[in-house]
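The hints should help you fit chain B onto chain A, whose structure is shown.
There are 2 protein chains.
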Amino acid sequence: MAKTKQSKAASVPLSSLLRVPSGPVSMADFDPAATPGFPGRDKDDAPAALESLTSELSDLQERLYAHGRSDAEHARSVLVVLQGMDTSGKGGVIRHAIGLVDPQGVQLKSFKAPTAEERAQHYLWRIRKALPSGGMIGIFDRSHYEDVLVVRVESLVPESEWSRRYDELNAFEAEVAASGTTIVKCMLNVSFEEQLARLKARLDDPTKYWKYNPGDLDARAKWPAYMEAYAAALERCNTDIAPWYVIPADRKWYRNWAVAELLRETLAGLDVDWPKADFDVAAEKVRLAAAG
Amino acid sequence: MAKTKQSKAASVPLSSLLRVPSGPVSMADFDPAATPGFPGRDKDDAPAALESLTSELSDLQERLYAHGRSDAEHARSVLVVLQGMDTSGKGGVIRHAIGLVDPQGVQLKSFKAPTAEERAQHYLWRIRKALPSGGMIGIFDRSHYEDVLVVRVESLVPESEWSRRYDELNAFEAEVAASGTTIVKCMLNVSFEEQLARLKARLDDPTKYWKYNPGDLDARAKWPAYMEAYAAALERCNTDIAPWYVIPADRKWYRNWAVAELLRETLAGLDVDWPKADFDVAAEKVRLAAAG
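Line by line, the protein sequences give chains A and B. Numbering of the first sequence is given in this note's numbering, commencing with residue 834 and proceeding in unit increments. Numbering of the second sequence is given in this note's numbering, commencing with residue 834 and proceeding in unit increments.
If we strip away everything but chain A, and leave its shape as in the complex, we get (with noise of 0.2 Å):
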């Protein structure tokens, strides 16, 4: 019985387990301890269950890559949009899970506070910038949905302007998908009890002391209001060519799996294969052995 059901879980794609459904969103109803999908019991088997998809993983990326490299026309890429409180783990993300396929192919981007050359231009222009290059995958630490996250709660600009924002973001995002980018957005999305003992444990660290910042009490005094703008966002720019998935992030070794096997899926669905020689092969084997 218990093999029947692994096996079942399996053959679900974690995608379909992950995204987020159409219709109203709240993020209560995300529970953010969860482990679906994942293919083992616990943590002890964490390890093992990301070991058993580097290689594909490694596989599939390279493939991208190589395609992006020799038919530049009709290069794919791939750009992974990671959003999320305070301590959920862009970084750890990038670092365990991103970190798994070779540096040549990653593109990654940190989105700050926008600089003063920044604000002076349209809020796409820096993420236009941004976005990755035939045969990359794209990794975007925030993005242009702190335009409709940080910006609504602090009301940085009226609302007037962020409403219409969500329209804009799917007209942006169809350009991107249609130029041969495809989506994928993760919400990761950590418990407010587990944020506290994160920002804890960076306080009782002087190892973590670096990743502690005094403005990070501030958002998490307005998480109520985070909480409403992140299922705005996610409701109302949840389209299928750039759809939003919700990482469960109380547990750090489920998530950097949960994404890792996204990438992974995403990437298997691009179905790129290894480019045809763009040379005569048997006529360079030649050329070899007489060159010696």
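Among the hints, erroneous ones may be present.
Identical chains share a label here; the pair holds if one copy fits it or two copies do between them.
[Claimed, not checked] Simulated crosslink set (DMTMM-like; lysine to aspartate or glutamate; CA at most 20 Å straight-line):
no.	residue 1	residue 2
1	K1044	D935
2	K945	E987
3	K945	D974
4	K1118	E994
5	K1041	D935
6	K945	D877
7	K1085	D864
8	K1044	D892
9	K1109	E1008
The hints are simulated quantities; they were obtained by calculation from the structure and are not laboratory data.
Positioned in the frame of chain A, the structure of chain B alone reads:
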């Protein structure tokens, strides 16, 4: 006896074993199949050798990064220059050695033949733009040394011009070092015979066609001229602040381990400590407890 030998080997830093000696250099003096300093017998021991340095390497990289974020004014960085003939494994080193550390702390730059825009500038213009920022490990896949390697062999500029570049490169690297960047230059030394085997493998395996470039055979035909150009660069630009190391590269497992170990030794030598808190830890603990 074996034990004594082993602990002796471990006590000599790899950097001193692989450092190019001062004085006249001939590439014939370096054995591409050697495995100096390797803490094991052969390929079978390589995964364990890499594994045993990964945790310290990772810790040291995080300190460098943390320090760079916390004290921008005194930030340190590391620049690893990778040079070598085609198939010597620059990509393999990035994947398997550099891939061991957090991608968030790595800035990769691959230098191709200069574009029209780059050719219109001084040859160091594009190099300066790619230098690692504070706290980062920069990796150059090819580098400013192409300007005294392919440029010299192919006579892309007159000898009167390339011949004065050696001094310019030393002056440039002194300037980079003075700004807080530790430079580690690695020449991945593959043999003429092993290159043949690797090119053959690329032509025999459709998943490797994309790595094959017919132009590689043209460079191979000029092997002695390239070895002469490498020897000149290794002899004339081998300063204590920007030393050259020759990494035997016929055995991929040794090559990857050696670069990872050189990087570990380099980071350990920086002796960067975790940054102190730039906030009042006790006060923040009180705030956090109150925030709940």
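- request: Give the relationship of K945 and D974 under a CA distance limit of 20 Å: within one copy only, between copies only, both, or neither.
  value: For K945 and D974, only the intra-copy Cα distance (9 Å) is at most 20 Å; the inter-copy one is 28 Å.
- prompt: Given identical chains, is K945 near E987, meaning Cα to Cα at most 20 Å, within a copy, between copies, both, or neither?
  reply: within (15 Å within a copy, 45 Å between copies)
query: Which holds for K945 with D877 at a C-alpha limit of 20 Å: within a copy, between copies, both or neither?
result: neither (35 Å within a copy, 44 Å between copies)
- prompt: Is the C-alpha distance from K1085 to D864 at most 20 Å within one copy, between copies, in both cases, or in neither?
  reply: within (14 Å within a copy, 46 Å between copies)
query: What label fits K1044 with D892 when the C-alpha limit is 20 Å: within, between, both, or neither?
result: The answer is between: 15 Å across copies meets 20 Å, while 34 Å in one copy does not.
- prompt: Under a CA distance limit of 20 Å, which applies to K1118 and E994: within one copy, between copies, both, or neither?
  reply: neither (62 Å within a copy, 38 Å between copies)
query: For K1041 vs D935, is the C-alpha pair at or below 20 Å within one copy, between two copies, both, or neither?
result: between (27 Å within a copy, 16 Å between copies)
Intra/inter-copy verdict for K1044 and D935 if alpha-carbon distance must be at most 20 Å: So K1044 and D935 pass the 20 Å test across copies only (15 Å; inside, 26 Å).
field: Homo-oligomer pair classification [E1008, K1109; C-alpha up to 20 Å]
entry: Result: close neither inside a copy nor across copies, 29 Å intra and 45 Å inter.
Violated hints, in rising order: 4, 6 and 9; the structure is consistent with all others.
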